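K.L.:
Top line first, the protein sequences correspond to chains A and B.
For the first sequence, the tail end lands on 400 under the working numbering, and the numbers increase by one without skipping.
For the second sequence, the tail end lands on 565 under the working numbering, and the numbers increase by one without skipping.
It cannot be assumed that every hint is accurate.
Stated by the list, open to error - One-sided and incomplete, this derived list gives chain A residues near chain B with beta-carbon spacing under 8 Å:
1. S107
2. P108
3. L110
4. K112
5. G114
6. M115
7. Y141
8. E159
9. T167
10. E279
11. F280
12. D289
13. L393
14. R395
15. K397
16. V398
These are calculated hints, taken from the structure and not from any lab test.
Because the structure is a prediction, the values reported are computed rather than measured.
C-beta atoms are modelled at their ideal positions from N, C-alpha and C, and glycine is treated no differently.
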Amino acid sequence: MAMSEVRKKTPDFSIALSWAKKHGWVAIDKGKLVVVKKPGKIDERDALKGVESGQAVGDKVLRILLGRNLVFKEREDSRKKAMKFIGKEVTTLSPELIKTGMWKKVKLKPYNVGARGEKKYPGKRQPYNRFLMQVREKLVQLGFAEMSGPIIETEFWNFDALFQAQNHPSRDWTQTYTLKKPRTGSLPPKNVVEKVKAAHENGGRTGSTGWGYKWDPAKAAQLMPRAHGTACSARQLSKGVNVPGKYFAIKRCFRPDVIDATHGVEFNQCEGIIIDESMTFDKMLGMLKLFATELAGAEDVRFYPDYYPFTEPSVQLSAKHPELGWIEFAGAGIFRPEMTEPLGVKQPVLAWGLGIDRLAMCKLGISDIRHLFSQDIDWLRRQKVTV
Amino acid sequence: MPTIEVNYEDLQMLVGEHVPLDVLQDEGIMYAKGEVDEIEGEVLKLDMKDTNRPDHWSVEGVARELQGRYGHKKGVPTYDVKPSGLVVKVDRKLKCIRPYTVCAVVKNINISHEVLSQMIQLQEKVSMTFGRNRKEVAIGVYDLHKIKGPIEFTSVKPGGIRFVPLEFEKPMTPAEILKKHPKGLEHGHLLSGLKEYPIFIDSSGEVLSLPPIINSNHTGKVSYSTKDVFIECSGFDMKFLLPALNTIVAALADRGGEIRSVRVEYHDKVRHTPDMSPKKSSISVDYVNKVSGLKLSRGKICELLEEARYDAKPKGKSIGLLYPAYRQDIMHPRDVVEDIIISYGYNRIKPVAPKLHTIGSETEIEKFSSSVAEVMAGLGFQETLSYILTNKASLFGKMNLPEGDVAEIENIVSSNWSVFRNWLIPSNLEFLSKNKHREYPQQIFEVGDVVILEQKKETKTSDGRRMSASVCGLNIGYEYMASMLDALFSAFGMEYELVAAKHPTFIPGRAAEIRFSGKPVGIIGEIHPAVLNRWEIENPVVSFEIDLRRIMV
Chain A
14 MAMSEVRKKT
24 PDFSIALSWA
34 KKHGWVAIDK
44 GKLVVVKKPG
54 KIDERDALKG
64 VESGQAVGDK
74 VLRILLGRNL
84 VFKEREDSRK
94 KAMKFIGKEV
104 TTLSPELIKT
114 GMWKKVKLKP
124 YNVGARGEKK
134 YPGKRQPYNR
144 FLMQVREKLV
154 QLGFAEMSGP
164 IIETEFWNFD
174 ALFQAQNHPS
184 RDWTQTYTLK
194 KPRTGSLPPK
204 NVVEKVKAAH
214 ENGGRTGSTG
224 WGYKWDPAKA
234 AQLMPRAHGT
244 ACSARQLSKG
254 VNVPGKYFAI
264 KRCFRPDVID
274 ATHGVEFNQC
284 EGIIIDESMT
294 FDKMLGMLKL
304 FATELAGAED
314 VRFYPDYYPF
324 TEPSVQLSAK
334 HPELGWIEFA
344 GAGIFRPEMT
354 EPLGVKQPVL
364 AWGLGIDRLA
374 MCKLGISDIR
384 HLFSQDIDWL
394 RRQKVTV
Chain B
13 MPTIEVNYED
23 LQMLVGEHVP
33 LDVLQDEGIM
43 YAKGEVDEIE
53 GEVLKLDMKD
63 TNRPDHWSVE
73 GVARELQGRY
83 GHKKGVPTYD
93 VKPSGLVVKV
103 DRKLKCIRPY
113 TVCAVVKNIN
123 ISHEVLSQMI
133 QLQEKVSMTF
143 GRNRKEVAIG
153 VYDLHKIKGP
163 IEFTSVKPGG
173 IRFVPLEFEK
183 PMTPAEILKK
193 HPKGLEHGHL
203 LSGLKEYPIF
213 IDSSGEVLSL
223 PPIINSNHTG
233 KVSYSTKDVF
243 IECSGFDMKF
253 LLPALNTIVA
263 ALADRGGEIR
273 SVRVEYHDKV
283 RHTPDMSPKK
293 SSISVDYVNK
303 VSGLKLSRGK
313 ICELLEEARY
323 DAKPKGKSIG
333 LLYPAYRQDI
343 MHPRDVVEDI
353 IISYGYNRIK
363 PVAPKLHTIG
373 SETEIEKFSS
383 SVAEVMAGLG
393 FQETLSYILT
403 NKASLFGKMN
413 LPEGDVAEIE
423 NIVSSNWSVF
433 RNWLIPSNLE
443 FLSKNKHREY
453 PQQIFEVGDV
463 VILEQKKETK
473 TSDGRRMSAS
483 VCGLNIGYEY
493 MASMLDALFS
503 AFGMEYELVA
513 AKHPTFIPGR
523 AAEIRFSGKP
533 VGIIGEIHPA
543 VLNRWEIENP
553 VVSFEIDLRR
563 IMV
């Protein structure tokens, strides 16, 4: 049939032609339209019939129909749905009411807004960990860099490098844990070991008389769980420090205490060092006072002479807490030359340790130290988030 | 840190001045590095902080410090010593047993209740804390008139002699004392392995004591009627023995006793003890000010030292010092500086905040741990915190695993805390087992350390930073935790793989190894009901554990 004739007879001729050609039903030969093959099943047609009769239609074909504007999305149903509620009181503000604007013609039922919602528990940080994190942040703000060290230490780093004599009462096994497995570790390079040995035996080059006994390297190589964070400070000094330098560590420590309301199985120590030629005892007191006001919100502080085997002079600080009154807050001192010199540090080193567990107890309002490691999910769920 | 009891009246009597209680508490006791712990009527309980200052551990020693500030005695305390004529012969057999003794006689003491109780307290604290629980220093005090010199310090076979030990009625051999006497049971280990035991005997064959265990009931008992005493300290090292003896002798001399020396004869030398003559030292003014930060004049430093019971004489830019014979704690000029600052008063020093410009930082692993915890909390998990110490049953048996190697404590306090954990999921399960009757579902996580044995390391171990999360409750299963794990990795923009794994802790077919860059970094799985039974957990649990150091980029 001639093209012009078909054009006359067929509505939407150009659309029909391009579809027929695309499907290979017709071809054009010298101005005539020739049927190549008869169409079989036409998906679009079936789908259109389906839409008309309210049957389900596949997504793909529906998209084609929508794209060809053969069908359009009708709002009539939602309008109908929404109409039902006109003038009535409704509970749920439905998408239909919002879309059609019908919400203007309904009354939204008031709720009992005084009623509490269902109990939910947010995911939270453990309160003690959160507290430690805040202390850590504060120390970083104050210019301290974090140190590290292993949980299992050699006695060398835990004691000997700190000028604690091998027969000193503080090294008694009732005061510290010993290990059954593994038993011995290795000592640092010989030059460090020799200097520490000399400091113990006769003072070496430290200007001290030393403890005056035969230092035993085998004892120093014994392994033990870290008993205090000062082990990290000793390692840091030996590794090398910036001058001026400020360092800190918050570390889990282990001692064989009988467990009660003030002694846990494990505890955390927060300690640090400040290295500079200009460091003196009055600056040590100044640093401690700053900690007491910054970290504990202390109103007043008092200093007491104290004793640590590795510091001289030594001091303890008590802080007056606005609610709890006087609490022992920090212990500190200037590292003994017998400790710093063998580790290769010439400048004075101020060393401080904070009673971090006690401070946490104050802050979290708990009286039993074991609660810091609470195993009660209800308690954790109830705990306030401290700011 | 020893705790001692002193009578407040007695203390003031010894100081020679009234010291108000509040002044003593707030200031006075600090001069002896002590703290008033408790007050019960007239009795003050004091915490004495310096384990190297045994001279502070009696009322006489505390009074000595206070005299310098509130009383009229300053400068180094002087003690007059005359010979007693008494001889102690030390047997060379003792070389490998208990080689040394130092002795003294103190005469004309008026032994009141306070004198006696302070003497016993001092003897106990010195041998306990300073003398390393009698190992380094054992002290005996005897009624001089019950002893006939010369005294012999020798050794006997465990069954070789009999005497009546203190507070007992029948004579016993040393071997019997070690088995039956409370002090023998307490300190007997100090003689273990020895073929002969040390013994003090007088010339009439009367036993004085079996050091370091017990005195004889006859000679070694001091009562209110005793006027003159013989004192001996025995041990292995003069560094401990001399200051211990001097401390006790000084305390008795402060009570009016007169010190007499004893001639101690070793096979190769003779030593007259006690030697109470002060020791010499010196300190530079510059060093004092460099350490303290104070600007003290030479004169002021001398004044402070005199109050701290030193003799101080200016010598150019330095100060020549004399300090008491009972002090063995001065090893370095630094020790003298502390005494000067204590004398000045810690609370009189103006604290100066140091101004140093340094940059603060956290370690990478702490930063990463915090970020992981933040994401887990965001996913609705409650963080928990538990001990690193645990027990083998929790790590292995209860987890359906054969027993493996972990770091173990020797001197355990409780078998519950005897080893270091080597993985973290057991801590989650222990927590859940303690919360069976709490509201479900329970979603928890912990970021914590584990200890892994590693031969090559300096400490034969390495610390691992792990994160484990668990969910416990009905209708929450593997898929839920897999999506939590996915959320965690996605939050850090990290790819990972799950590869089916066999692990006895988990239900077969419901466990997978977590891999990051092709390497195993953790495990996820639904806990085996046999494991739940052992923990007595009644709801299903799905857990995962990740080694944070291995995924930290």
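K.L.:
Is the shortest C-beta separation between A/K112 and chain B less than 8 Å?
P.N.:
With a closest approach of 33 Å, the A/K112 hint is violated.
K.L.:
Regarding the hint that A/L393 lies at the interface with chain B, is the smallest CB-CB distance below 8 Å?
P.N.:
holds, 5 Å
K.L.:
Verify the interface restraint on A/T167: the C-beta must sit less than 8 Å from at least one C-beta of chain B.
P.N.:
holds, 6 Å
K.L.:
For the restraint on A/S107, tell me whether the closest CB of chain B is nearer than 8 Å.
P.N.:
At about 29 Å, which exceeds the 8 Å cut-off, the nearest Cβ of chain B leaves the hint on A/S107 violated.
K.L.:
The hint names A/K397 as touching chain B; please verify it with the least Cβ-Cβ distance against 8 Å.
P.N.:
Since the shortest Cβ distance to chain B is 14 Å, the answer is violated.
K.L.:
Mind checking the CB of A/Y141 against every CB in chain B and telling me if the closest is under 8 Å?
P.N.:
holds, 6 Å
K.L.:
Per the CB criterion, is A/M115 less than 8 Å away from chain B?
P.N.:
violated, 37 Å
K.L.:
Closer than 8 Å between Cβ atoms is the bar; does A/D289 clear it against chain B? Give me holds or violated.
P.N.:
Status holds, d = 6 Å.
K.L.:
At a threshold of 8 Å, is the proposed contact between A/R395 and chain B supported by beta-carbon distances?
P.N.:
At about 11 Å, which exceeds the 8 Å cut-off, the nearest Cβ of chain B leaves the hint on A/R395 violated.
K.L.:
Answer holds if the nearest beta-carbon of chain B is closer than 8 Å to that of A/F280; otherwise answer violated.
P.N.:
A/F280 check fails; min Cβ-Cβ to chain B is 10 Å, beyond 8 Å.
K.L.:
Double-check A/E159 for me: the hint is only fine if its C-beta lies closer than 8 Å to a C-beta in chain B.
P.N.:
Nearest chain B Cβ about 5 Å off; hint holds.
K.L.:
Under the criterion of a CB-CB separation shorter than 8 Å, is A/P108 in contact with chain B as hinted?
P.N.:
Violated - the Cβ of A/P108 stays beyond 8 Å from chain B, reaching only about 28 Å at its closest.
In summary, the numbered hints that this structure violates are 1, 2, 3, 4, 5, 6, 11, 14, 15 and 16.
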